[in-house]
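**Student:** Listed below, chain by chain, are the residues.
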Amino acid sequence: MNVYWVALQHRLRDSTLLNAIGEAVRRWLRGPAVSRLLRRFGIDPHRYWLLIDLFAELTERREMLGHLGRDGVSLNMVSAVYFLLTTFLAGVQVLVASPVHTYYAVFLGLTAFLLFTVLLSETSNSLVNPVEALVLAHQPIGGATYTAAKLTHLLRVLGYMVTAVNLLPALAGLLLPGARWSYPLFHFFSAWVLGLVIALFCCAFFGLLIRFVPARRLKTIGQVAEASPLLLIIVAGQFRRILKALKVPTGLPADPATLRAIAIAFGLVAVLSVVYGLRALSGDYLVRVSAIMRGPSHAPARPPRRTPLAAAIARLAGGHSGAQPARAGFEYVRRMMFRDWQFRRQMIPMIPAAVMPLLAMFGGSRATPFGGRFTPVHLLPHALGAMLFLVCSILAHGSDYKGAWIFLTVPGSTFHGFVRGVYALLWTETILIPNLIALGFLAWFWGPADALLFVAFSLAIASVYLALELRLVEGVPFGKPVDTSRGMILMPLMMAGGLVIAIMVALQHFLLFHSRPLVLAVTLLAAAAAWLLTRTSLDTFEVSIRYHLGLVSQESTTLYQEING
Amino acid sequence: MPEAVVEFQQVVFCYDRTEVLHNISFALHKGEIVGLLGPNGAGKSTTIKLITGILVPTSGTIAVAGLPLPEEAIDVKQIIGYVPETAVLFDSLTGQEFLELCGRLHNVPEDTLQTRIRDILATFGLTSDRVARLDAYSKGMRQKILIAAALLHNPDIILLDEPLSGLDVNAAILIKDLLAALAAAGKTILYSSHVLDVVERVCNRVLIIHQGALIADGSAEELKASTHEATLEDVFRNLTGSAGLDTGVSRIVEALRS
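Protein chains in written order, with my numbering: chain A, 1 to 565; chain B, 1 to 258.
Only chain B is shown next, with the shape it has when bound in the complex (with noise of 0.2 Å):
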């Protein structure tokens, strides 16, 4: 088994007097593509950000590449690549601008950080566009510069959080692609989405949280083996407690008519 990069022990983490995340615990390694799996509101963004140092847990051990949380943060953060759910930028910036803003306060050498930010920007075929304000970029676009800008410090750990959303089928490819290389190139990735059939073929192992508890650990075919499912759909289903409940769909119909 590969060195852990990521290790979480028995983390509690509390918004107030709610506990959301439950004495959860497990590892990532190097060069693993791991999926974060669960319903709304299960905790999974919750947890991204306590690896990134963002919220500090209420009590357990975090260690991110060995250096433990929160109390190494800034070295931490060094390492690390994140992507949130919402895009929210610094609209009057162009991409290039805010690409620039994110190297340097990384403190990426200047020529370094030209080089990838020119060489990411093609990539992703926002060459022509990199000196439009962001306002007049669309939502995949924007999504393609938060990939971009959590790229430019060559991170060792890579948090995405719904990574594909906005983005047309092409650059969805891509950017699996680019994950699948960035990981044989020994980067850590963890990948929170809702979309599970690209979980299943993106991902070397799943997590699943529900109701802020780890309820499955394991690679999907180990998964489906486990629970006797077809699909990681129906794993999910299964393990969460979704399957054969009353969807309420015919309850909206019947609401509609009313």
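Just chain A, same shape as in the assembly (with noise of 0.2 Å):
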């Protein structure tokens, strides 16, 4: 899919009268009216052309990528999903004539929360992740310049976004009963409005954490912030509960004049935190930076700890010859997991989606599988399936990549004990400590016998999820930088696969949990099955390993021949 857009996109590109058009806006871009305007805002605009160019030099040559609004082809391929996602959607409130008001409020509520997730994400990978600021940390480049330069990609995501979550819908909105001709103009223009007030509201967000928040906390609030979205739907659905617990009124005073002196007041608000925030990104910025890079350095020194259980289970895991690379594997995964920035980033926003599930499960947990009465229980081995999955995704992929060269100068009999070692700790870790706490509460509550049979189901089940999703390991973990367009196409693959798991969990229903006997020889099967794959997969990872470092290898390569050409 690349290859074809990366080839279309070069043939727009030789248009001819695209090209007279594009020179002709860019002139326009660069010309005195916008740096005018430029001025206007405290930024210094020949800067601020030189930060672009170089922004863009730097994207063209794949040394950012952890931008998706630098990044055009990751940028494409997102649109490309939720146009997709949005045109099904539109299509099915089509075709069951859904009303013209739920229709609109449905998309801009879906174009708000899908900008709200990427927004944030983007707004804190530019602001708080200010590799590049580092660099440029003692040139005389203006705080707003600077921020400016970083954040005009945002404009470019939201285009993309915006467009592709809600061109089709506008346009397929005529066919509902009763919309007017103006429909899809209202739609989008109002969509369009949306997304830049998201997007202000996004910089000021983090503008206000810069000014607030002392710099060596920042990296760890901004992960926070990233969850907002996903936590502000789990707070929503309890918020009415607790208020009236706290015997707070709920219900809106019907007096207009209230109602409008509320609304003035919210908006005076909002008017006032996106101005202080963009001030507040605006003015230091660039002389706050260092302390943002440095931050972890003020991570307390903890004296070592022995883990003589790690190590045994590392030493099992690896053998005789292989008992320290497995340790190796086992320690270096665990630790990275804990502090590693971009993979914590990535895991904390899907720590409230992972809470979710488990809320239920534990409500749930007093009735038993084998009953007649579905219980939440039944998902367990399959959420735990859904987190190794993110965990495996992302697993490659870290912040201080480049450190991988360390595995280049060892040999690669290495890797045999080093990989058993990555299994053994999501083994232990995801799979063996959460079905042996389940354990003590389900015997509790089912008694020994059923609670020992669903666990070794489980068990056995969330094997052969490690056991596939292993498959995705693609390297060295956390020896890559982040790829952001796969943290979107997640999204999608992620709804796929909650489908699948509402399948199996009607199976174990309705098939499986009506006969022991029948569970004892499925999780039998299941577990000859993960053993078997497992072997497989772990001699995959091998070879994954193996293979990107003959990438990274290379990488000196590229960069000679990049100088060269």
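Because the hints were derived from the structure by calculation, they are not lab data. Possibly wrong hints are sitting among the right ones.
Stated by the list, open to error - Restraint ranges, calculated between C-beta atoms of paired labels, are given here: (1) A/Pro481 - B/Ala255: 34 to 40 Å; (2) B/Thr231 - A/Leu29: 54 to 60 Å; (3) A/Pro481 - B/Ala180: 36 to 42 Å; (4) B/His29 - A/Thr152: 56 to 62 Å; (5) B/Leu256 - A/Gly42: 29 to 35 Å; (6) A/His320 - B/Asp177: 37 to 43 Å; (7) A/Pro517 - B/Glu72: 54 to 60 Å.
As the list claims (entries may be wrong) - Chain A residues, not near chain B, derived (Cβ > 12 Å throughout): (8) Ser79; (9) Ala112; (10) Pro517.
Built from N, CA and C at the ideal position, the CB exists for glycine as well.
Using the supplied hints, reconstruct the complex from the two chains, each of which is provided in its own coordinate frame.
**Tutor:** Written out as structure tokens, the structure is:
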């Protein structure tokens, strides 16, 4: 798909008419009118365009792939995925003849949600991961100029996303009963306005964070902020209940004057937040950059802990000859999973999504699945599988990916034990420990026999998931730069995964858990399948590490060509 | 002459179609400290990467401890310690954790590994900093960690690319003494650097690479005698063709005035 996009873009670029239009727009943007406007906001136009060109050049050389807004290929792919999703959604709504206002609200809500998830992450990546800013901090560049250049690509994301999510639904809205001819224009215009407000809000939000949060805490706060859209979904459901419990009146006052006053107050606070947020960004951002970058240096030094259990597990996984490499894999991945900034950045937003099924499971864990009634505990192995899917798909990416050279200097045979150590860690921490915790509760509620059988089933099924998903780890863990487009593509994949999980749970409930011997037989079968699949997946993982290291060793070649070119 | 530990024979290396090493042949012997000199871009780092097995030669043969590369790269990596020029580390790990990772990847038994880490860190004065994350380390401290990581598995061949970069005077003296002691213990050391007086004092032999070709191979005294120069710096300038040339300093000053 990438190749076709690039080919198409090249063909379009070659078009003389498009070239002429592009050149005219470019000249106008860099001309005196826009320059005057930029100066009015404290932005030096000359340096602003220099920075824009620099970032474009670095992106072209595939040096800056962490930012979706600067990576045209990834942005195209993400937009295409959302375009397909919203086309499907619009088609369904037109077929069921939804009321126009419901249709409009659904797409605006969807636009808001998607933009929040993407733009919060983009803004955070731009402002709280200021690698380039550190390089440029000693240059005579104003904070406003630099921030404006960094945030320009947010508008690009906005253009792509709003168009992808709303273009076809806006046109399809004409087919709804009672829709006016002007509906597409109204729909598209309001989506754009909403998008701009959200983009400004995101910038202001991080501006306020930079203004008030100590620099060393900024990275962590930024990560939590990225999880806020999903957190809001969870909290929103419980918000009314919490207010009731606190005996706070939940109904809106009926008096229009009070309502108007509340609306004005909210509007004022929102405008002030945006204004002060943006001012904080443009003020002394470059001065604070060093402190933001060096944030983790303030992490407290902890005395080294001996980990005999980890050593024993690794020895078991690696065997006699591979015990030390297995321990290396086990300890390395365990530590990096908790500390690597990029990994945490991608995992923290998923915590709310993981908490919801867990709460549901424990809420309904009193009913045994063998009793004929549906219980959410059926979800346990699949929820662990879903979590492992996420972990495995991002495990190869990290902040300090250039440190992967260290693996080039070790004998290739090391990786046999190393991958087994990584596997042992994932299996122990993501499958064994949660199931053992569940076993304690379930044995209390259901009796030991049923609990043991269910947990054995859960262990076997989750192990099959891990065996399959281990193939997603493409290279040395934490040895590659983060690919933002991958994260965006994960979302529809996870939706499809949710559907598969629903089918599996239905099969468990309706067919399997009526007979204990049948569950036992399926457990044994799944365990055998997991064992076989794990063996082949470990071999594949080892090969992918070697392949990745082969690419790393060729990196200097690529640079050489580029400089020569 | 002691046995050859590293042998390059007619080695050619190309990045794509650009030949960057031309028919290089030399040998490193057991217990030698050999200096590798050359202007920027001459091919020093490429030569070192070829010995580590990270890069594969386009033609010619390389043997390390009698093992041909790249065929026996797995065994070769077990006996090589490598300190790269740029210290990119996993900053989320502490110094202790990084060294544990490197030692375990080289399959060093746990008890031996812990003893070596403790002793090396104590010698480098990093005992109290071992529990701090690497992103809090200074450039010199990171360099010490890199050198420690290269020594942990007790390699027979040690390849150092600008090892004194960022080190303070005391640490630099310590490393120079350490290199002499390691060579006396039978280790072979290849030392790439631009600091010529250090190379002159530390190394038994000097290789000079210029534009991808090996243009000199001998002790510092031999090179000085053959070129009739007083210092290694003059030898270097003479052989690399930079002696007597306009260094361009006056042009820079003029350009700044304009």
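**Student:** Next, verify each hint and record whether it holds.
**Tutor:** Verification of the supplied hints:
no. : hint                            : verdict
1   : A/Pro481 - B/Ala255: 34 to 40 Å : holds (38 Å)
2   : B/Thr231 - A/Leu29: 54 to 60 Å  : holds (58 Å)
3   : A/Pro481 - B/Ala180: 36 to 42 Å : holds (41 Å)
4   : B/His29 - A/Thr152: 56 to 62 Å  : holds (59 Å)
5   : B/Leu256 - A/Gly42: 29 to 35 Å  : holds (30 Å)
6   : A/His320 - B/Asp177: 37 to 43 Å : holds (38 Å)
7   : A/Pro517 - B/Glu72: 54 to 60 Å  : holds (55 Å)
8   : Ser79                           : holds (33 Å)
9   : Ala112                          : holds (35 Å)
10  : Pro517                          : holds (45 Å)
Comparing the model with each numbered hint stated earlier shows that all of them hold.
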